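Sequences and hints are given; from them, build the entire structure.
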Amino acid sequence: MAHYAPDRKTAAVQYDPQDEALFSKISWRLLPLLIVCYIIAFLDRVNIGFAQLQMRETLPFSDAAYAFGAGVFFIGYLLFEVPSNLILERIGARKTLLRIMFCWGLVASAMMFVQSTTVFYILRFLLGAFEAGFFPGIILYLTYWYPGPRRGKAIALFMTGATIAYLLAGPMSGAIMTYMDGLMGYRGWQWLFVVQGLPATFLGLFAFFYLKDKPEDANWLSADEKSRLRQLLDDDAALDGRGTSHGAFGALLASPKVWVMSLVYFLVLGATYVMVFWAPTLIKSWGVKDVFTVGLLSSIAPAVTIFAMVLIGRSSDRHNERRRHFMFCCSLCAIGAVVLVFTQGTLVLSLLGLVILTVGQSSATPLFFAATSEVIPKKIAAGGIALVSSLGNLGPAVMPSVVAFVNTATGTPNASLYLVAGFWLLAGLILMAVVKTRIVARPALATT
Numbered sequence: 001m002a003h004y005a006p007d008r009k010t011a012a013v014q015y016d017p018q019d020e021a022l023f024s025k026i027s028w029r030l031l032p033l034l035i036v037c038y039i040i041a042f043l044d045r046v047n048i049g050f051a052q053l054q055m056r057e058t059l060p061f062s063d064a065a066y067a068f069g070a071g072v073f074f075i076g077y078l079l080f081e082v083p084s085n086l087i088l089e090r091i092g093a094r095k096t097l098l099r100i101m102f103c104w105g106l107v108a109s110a111m112m113f114v115q116s117t118t119v120f121y122i123l124r125f126l127l128g129a130f131e132a133g134f135f136p137g138i139i140l141y142l143t144y145w146y147p148g149p150r151r152g153k154a155i156a157l158f159m160t161g162a163t164i165a166y167l168l169a170g171p172m173s174g175a176i177m178t179y180m181d182g183l184m185g186y187r188g189w190q191w192l193f194v195v196q197g198l199p200a201t202f203l204g205l206f207a208f209f210y211l212k213d214k215p216e217d218a219n220w221l222s223a224d225e226k227s228r229l230r231q232l233l234d235d236d237a238a239l240d241g242r243g244t245s246h247g248a249f250g251a252l253l254a255s256p257k258v259w260v261m262s263l264v265y266f267l268v269l270g271a272t273y274v275m276v277f278w279a280p281t282l283i284k285s286w287g288v289k290d291v292f293t294v295g296l297l298s299s300i301a302p303a304v305t306i307f308a309m310v311l312i313g314r315s316s317d318r319h320n321e322r323r324r325h326f327m328f329c330c331s332l333c334a335i336g337a338v339v340l341v342f343t344q345g346t347l348v349l350s351l352l353g354l355v356i357l358t359v360g361q362s363s364a365t366p367l368f369f370a371a372t373s374e375v376i377p378k379k380i381a382a383g384g385i386a387l388v389s390s391l392g393n394l395g396p397a398v399m400p401s402v403v404a405f406v407n408t409a410t411g412t413p414n415a416s417l418y419l420v421a422g423f424w425l426l427a428g429l430i431l432m433a434v435v436k437t438r439i440v441a442r443p444a445l446a447t448t
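For the sequence shown, counting from 1, position 246 maps to 246 in UniProt numbering; every step adds exactly one.
Hints are all accurate, no fakes.
Here are the simulated lysine to aspartate or glutamate pairs, EDC-like style, with alpha carbons at most 16 Å apart:
1) Lys226 <-> Glu216
2) Lys214 <-> Glu89
3) Lys284 <-> Asp63
4) Lys25 <-> Glu225
5) Lys226 <-> Asp19
6) Lys95 <-> Asp213
These aren't lab readings, by the way, just hints derived from the structure by calculation.
Bear in mind that the values here come from a model prediction, so they are computed numbers and not experimental data.
Put into structure tokens, the structure is as follows:
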């Protein structure tokens, strides 16, 4: 049974041991596969940041070309994300993941054949188009299995996939480009796209047979467990006023809160991917020349982040509070960016700044989506979550090019780091202003 303190605006949540066992069972069944899928998705999305360190030796693309190629991914993502999530709600997660992952794996692998900027842009756009719907689709999928007070931790655990991917991306990419360079006549960067791309195709096939679309279809849950889970989900929806639609999807477009949340995500995602794409180049600018060493150093921050983001997500769930936790993470990002500005050339201190920034940015995103999934009415959650995510993806579509221009104009990354710090602080302040404390008084959920 879940209990809610009636005398606090931010209610701490405690669960009956049977409910804890139920959600533990669900998490162990669903989250490992979803995390692995997200690891592959994130690798395919960001490996261009590592590949370009070696691609420059054979493909004379400018910084602006690489930045545009990194950003055009998100244009494809933007155009197809909402339709993909609406299709998921209609046909289920299994078929949707099969379509998404099978196609993106093939396109990601085809990046090995890039020889011109035109092909580079087309494949990056197609990668975004095929991957569109994966992340918001998983967020929607988790709402089918977890009530609000449990969802923050589940989303944080799922999103450790991005941090694990970032942890693996450096050493793996560096090793592939170093030790597979010249194999069968192909460069290391070409093997990088194949080795990190094809697993998505096979994972899509596996997910189709392994996952169930909804709890009612789960043959690994008993009848009593299904009944209890349905009661918890229905009670949570009713208590939040999310059991009925607040109008058609057009009404959602007219909601100021949706647009404000999209703006927050624009700032969050834009700032995040600036660091993801340019971190290898930033580390190299500290005097690190070897590609493999760059990869190893880039993995230090994610190693710390994995534990921090789960602890922060757990704290957010326990206190049933998103706003202050999110603001705390945004502040960490700003502090980390400023530390990087003042420690250029000092490897240990620069790495410390990168760790602080990475902890903040990795922990902030699951908190944001936990809050978003609670704000948007359940019956329009499929389109609503995807809309916020789609509009937010304009951030990384434009920010890499902006940063490339600023870095070229100033000859230093410092101005871009100040820009990143400002984006994070603005995102935190906006969310604090528009998202109200979630629960004033909430009765105990009925037991079975």
